[in-house]
Every structure is written in C-alpha cells, then in structure tokens.
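Visitor: Since chain A is already given, all that's left is putting chain B with the ligands on it; use the hints.
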Amino acid sequence: MAENIATEQGQGPDKNGDEKRIIIRTVGLKKTYMMKDVLTQALRGVDVAIDQGEFISVMGPSGSGKSTFFNMIGALDSPTVGRVFIDEVDVAQLTAEELAYLRCHKIGYIFQSYNLIKYMTALENVTTPMAFGGVLPDEARERGMEILDLVGLKDRWHHRPIEMSGGQQQRVAIARSLANNPSVLLCDEPTANLDVNTGQEIIDILVRLNTEKGVTIICATHDHRMMNICDRLMWIRDGQIDRIANREDVHIELASIDGE
Amino acid sequence: MKVINIDNQPWLSLPRTLKITTDGIRYRLFRASVTVAVITVAVAFLMNILAESLIKRAVASDTRERIQKAQLNSIWASKLTSPGSPESIIVETATTEKGSDLYKETQIFAKFDDKAMEEFQALAKDINYIFNFFENLDYAKRRDLIHTSEGVDILRYLSDPENYKTFYIGLSRYKSIHFGMEKEEFDALLAKLPELDATINTILEARREANAKINAILRRDYPNANNDAERLAMALPDADKEFGDSIRSVGFVFDKETVAPELARQAQRLQYTTRMKNSIKDRPVRQLIAQEANILPADVNDVLMWNFLNDKDFAEKYLVKMADSGQDIEGLSADLLVDLAKGRKEAEALERAERLTMDAGRGFMGLGERLAWLLFVSLLVCGIGITNAMMMSVTERFTEIATLKCLGALDGFIMIMFVLESCFMGVVGGTIGAIIGALIGLGRMLSAFGVNFISAIPFLDILGGMLVSVILGTLLAAIAAVLPSWKAARLAPMEAMRVE
Ligand SMILES: Nc1ncnc2c1ncn2[C@@H]1O[C@H](COP(=O)(O)OP(=O)(O)OP(=O)(O)O)[C@@H](O)[C@H]1O
Ligand SMILES: [Mg+2]
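Heads up: the sequence lines are chains A and B, in that order.
Taking the working numbering, I'd label the letters of the first sequence as residues 19 to 278.
Taking the working numbering, I'd label the letters of the second sequence as residues 2 to 501.
Isolated chain A, as found in the complex (with noise of 0.2 Å):
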C-alpha cells in the first residue's frame, strides 16, 4: 500500500537514464507537539516518495509544517506516528553510532536558523562535520577552504557567527552542510536572509550539485526562481500535502493564469 502511493508520486524526471530509486520515503507520517498540556498537530499524515537526484522544491505558509517536515526526514527527530525510510531502511530501527554516521556523512542540513556553533570560526564550523566523519585535519583545513571559497566566504574564514551578517551566517551553515559530500540535502529556506545576486550564486551552487554530482535536494523556499529550476513542487498546508506537481505543469497553469 505505502509502495503504491510511492510510485505513484514518483514523477519526477530521471537525469541519469538509469532506473529511478525512492531514496525518501514517508509513510503516515504526523507529529504533535505538546507544549504545556495544549497539543499542536504540526503533521497530520504525510505520505511522500522522493527520487534519487530530484530537486523538489517544498512550500508552504508559515507554521505549516516545513521545518517540521525537514526534522523527520532528516532523522533530526522522531514522529509521533508514521515512519521515515531513508533509501529503504527504516530511521527508526538505526542505531545510535549508525544515526550519527547517517547525520554525518550522507545527509546536510541548512537550517532556517542556521544552527552555528558560536565559539567556532566559520572554517571551524564546515570542518566539525568532517571531524566528526574522521577527515585528518590537515585535509580538512583544506576542504573547508575549498567549500568557503565556493559560498564567497574565503576571506572570512577565522570569523565568528556573531562576527558576521545574516546573510554571511546562512553561507556558513550552507557550506557546512556541504561537508561531507552529503547525498541528500536539506534546505530549509537557504536564500531567505541573501540579496538577489548572492541568493543566486548559492541557486546556482545547488544547481550544480544536483545536477553535476546528482545530490538529491529538497528545498523549503519562497524563492520563485527556486520554482524555476526545481523538478517538482511541493505545497504543505496545515501539516498536509497539498499537492505535488512537476514544474513543467506548474508553468502552464501561472502562464495560463497570467493570460486571464
């Protein structure tokens, strides 16, 4: 049954040519949390299969649930009901060392608040990951550098997050979800705090990620240019799926709308 709804979802685009591969998958998924006795349902049942090597783009209004979304298939936390298959293995039967293996090498997140470490300078902060995999300082040192250069952060490399602007924080947190090469990569919101050319450069980089070393990328945005170079869409509403459609369908439905 959870199967069925996979492919039937599975639309998007295959770049490889090879056969396509669910490497996220949802089952029923919800979660509540409870803050002092009153329950917010921040999920309520989502079911959702994303290929290998997509770029799906997730939206949704604010509390809808992205974030949330992002936590649960980011094995960042655990649903209250519903199971999370990361290439078909079961989050919830991980354990401990193999989460931390998981949250370490195979997946990046940015997160909507950046999540830096404070008293780590922003190359301390790309190459704690890779210390953390088992990357020998030395390369380390270097590989931060190279991801540093890549977000234009060269030269700010020995700042500290409280040193540096938003915008320059969220590079950081983006380089160093790009670490450990990861294979799926999480963003949530990446170019909310960028100005148009810098939010481009960092589309740009994830473009090329995904389509240059096939990283799977799901993305939280209100970026319209995000819609433009994504595979597929998804909306979120009130912890539910919305709707999903591939670009291409979307395009046809604004042109037509912009045409009334």
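Just so you know, the hints here were simulated from the structure itself, not pulled from any lab data.
Hints may be right or wrong, so weigh each one.
What the hints assert, rightly or not - In silico DSSO-like cross-links for lysine-lysine, where the CA-CA straight-line distance does not exceed 30 Å:
1. LYS126/B - LYS70/B
2. LYS54/A - LYS488/B
3. LYS257/B - LYS105/B
4. LYS112/B - LYS70/B
5. LYS70/B - LYS242/B
6. LYS488/B - LYS48/A
7. LYS282/B - LYS346/B
8. LYS488/B - LYS136/A
9. LYS20/B - LYS136/A
10. LYS126/B - LYS193/B
11. LYS214/B - LYS257/B
12. LYS282/B - LYS313/B
13. LYS142/B - LYS193/B
14. LYS20/B - LYS172/A
15. LYS80/B - LYS70/B
Claimed, not checked - According to the in silico footprint, chain B covers these stretches of chain A (three or more CB under 8 Å from chain B):
16. 96 to 105
17. 130 to 136
18. 144 to 152
Using N, Cα and C, we set each Cβ at its ideal position, and we do this for glycine too.
Guide: Only chain B with the ligands this time, still in chain A's reference frame:
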C-alpha cells in the same frame, strides 16, 4: 546498489575533542569563570571549616598534653600530701597505660602481683565506663536511674535489688540510651564490689602511710617553715636531688631521669614566680613600674609587672630596685625574669586554647559536636552550590548539544566533552578554593591560639583535607554536569533543542 550505505560513526580523536572543549571554555570564559568562582567559594567554605576543625582537634590534644606536662608540680604536690579518693584511683588506673609509672605505683601500693593488677585495671576500666555513661546523661534521666548517687556510690546504690530493678526498667523506657554493657557483665561487676572496696582501702592506706612519712621528712629537713605547704614548696625544687630519693624511699614510683628534673624545674620556677609576685609589695619597686606605665603606684599589679618584665632592659633595672629595697635576688637574673614572663604568657595561651577547644574530642572524627555539624552543613552548601552552578551552565547549552548531534556527534563525544570541561572547572575551582579555605582557616586559628601552637598544626592532615575537598568538588561538578548533558545527549537532536 545502495545510494546510502549506513555504517557506524567513528570516534572523534582525543586531541580534536580537547580542542573543541577548550575552544568552548575560552569562548565562554566569563560564564565559565563565574561557574569556577562558585566552585571556588563552595570548596573554600568546606575547606575552611575542615581546616579549622582539624587544627582545633590537633590543638586540643596538644594543649591537653602540654597542660598535663605543665602540671607536674601540682600533681605531685597533691600526691605527696593527700591519698586521693576511691574515684580518683579508679579513673587514674583505668586511664593510665599498662606499665606506666602510675601503674607500677598502684601495683606496689595495692601489693598485687602482675596478674592481679591486670584484673584490677580491667575492673577499673569497666567502672570508669559506667562513670562516663552516667556523666553523659542529662539530669532528669540520671535522677530517674540512680537517684542522686555519685562515684562508687552508684554501684553501691545499684547493688540494692529494688534499685537494680528500677534501673533496668528505666533503661528499657529510654529507647535512646544505649547502656552498652550486658546484664551478666554488669551483674558480675556488682558482685566484685566488696573486692573493689578492699583493694581501694589497701591503696588508700598505703598512700596515707607514704604521705605521713614524707611529712615527717619535711618537718625534719625544714624546721623553720610556717606550714606543710611552704615546706613542700621549699623541698620540691630539690626533687632531682635528695628529696627525690626520699620520695622514692616511701614507695612512690618517681622516675629519676625524666620526671624528677622536670618537676624540680617547674617547682623552682614556681618559687621564683611567687617571689616575683611578692616583690611589688615594696614601694620603690612598685614605683618603677608606675613610672614606666605612667600610673599611680597604688594601681600597680602583677599582670602589669609581668608585661614589663618581657623586656630585658627593664628586667635589669627591676632587679637592681629589688636589691636596693633589700629583697632576696639570689638565683634571679634578667634573662630568667624575661623567661618567666614568657612562661606566664604561654600558660595564658594554653588556658585560652583549652577553653576554645572544650568540645573537641567528641562527635564525628573527634571534631566536636558543633564542628561536625558545621562540617556537615558546609558539605551541603558546597554540594548544592556546585550542582546548581554546573547544571545552569549545562542547561543553557542544550542547543549546542543538539547542533553537534545534528552534525554527527556521538552521544559519547558529548559526554566526554562535558566530563572534561566539568573536571577542568572542578579541579581549577577546587584547588583555588582549597588553598584559600586552608589559608583562611590557618590564619583564623593562628590568631585565635597564638603562634606557639604552630608546631601542633597538622599540616599533613590539612593537605589530605585539601585533596579530599578538591576531589569532592570535582566529583560533584562532574556529576552535576554529566547528568543533564547525558539526558540531553540521549534525546533526538531537535527534541534536545526544544528543552528549556
Ligand atoms: N517546538 C515546538 N513546540 C510546539 N509547537 C511547535 C514547535 N515547533 C513548531 N511548532 C508548531 O508546529 C507548527 C509547524 O511549525 P514549523 O516550524 O514546521 O512551520 P514552518 O512551516 O517551518 O513555518 P516557517 O515557514 O515560519 O518556518 C507550527 O504551528 C508551530 O507552532
Ligand atoms: Mg520553518
């Protein structure tokens, strides 16, 4: 083929762990130093109480020893003139060591062989235990159990079957009292009462006889003195010579090598002291002190005199004045006067120390009840202070824990990080605190007891106390940091981020 193959996360190398930990501490230096300061104060408080307790305990036993030594004169003066009481004989016998002079002396007076003497000492110990037991009871209970009897009469009182019954009924009523002697044992003890009376009478009789002989010798040798006390005071300085032989000849055990010279010295000094005290009776002598102190001659007293005699120049002038007014200054010198004045100061310090350490010897570790209670409270304050400070500093870092976990940190890494950090803080704060606490304790105790107790200060014990305090502070800090961080590390990262 799997795109995402899942493996086990490796451990982070120790240097890297250390680097991250020290970076964290350095970044939060202010916050960390506040936490360290709290640990410092808590440990200093504990250490201060501990150091003062240890010093007090040591000074107490030192004081007791010194007083006992300084009292040779009065001990022998009373021994040579009075046979003592049954109680004093029992307590003496119970508390002296087997083979000591006193032990041998009692054996001679009681005309006991070795075995009988051993039995007598065992009996004395049991009776002394009973004395102490009733001594420590409050008045109401004591009255209930043994009415108003005291000393050996307690045993006589309890030998009466009626009283005996009331006593055991009373004991069973007061649950808090622990008598500590089995009923059979106690019965056997009561049965020995006639035997005890006989022994004590023998000893008292022998001592009375010895006292009479000494008195006769004194009357013979010092016919010019006014009374017995004066004769004894004149004879005792000769205790290391002929008079010592006389003491031995009448049956006392009086060691020629150790006790005799010391007793002679003390007696001699006492004689000089008395002579000096009387010296201010002469007006010219009094005037000298009055001039120096700028007061009226009539207001001069011996306390003032001793104060001034501390100075050698004054002592010389004083001796001249004494000679001028016709006083006997034979054997006196300026140095001796200064020494006597110093001796008086020391005696005063001893008295003060004895008063200040009254309660030592009882309670936990012989620290005295009040100090043991203080130590307990300071332990509590120390524990709560450190726990609170550490917990606060960990709780405000749950976000950091969560973020590190998102990046692939193992729970173990987070634990190591917090163990390292809290141990570091504990050791730094604990060491500074222990040093400060010990120094304050040392200073306070020195100012209370005076520098001539410096030799009594148990530096090794204090060092041990410092070690214990540092370890305790570190342990508390580590536990208080590790428990909450373990709680946070076990949670899913985003759950930890939500914890407030
Ligand atoms: N820690 C929490 N405790 C209680 N309720 C929470 C918590 N986090 C989120 N929520 C609730 O869950 C719902 C979804 O929140 P979520 O952060 O997923 O929204 P979002 O789509 O990411 O919004 P935004 O676009 O503003 O980032 C919201 O109604 C929010 O109030
Ligand atoms: Mg959000």
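Visitor: Taking the numbered hints from earlier one at a time, note which ones the structure violates and give those numbers from smallest to largest.
Guide: Result: no hint breaks.
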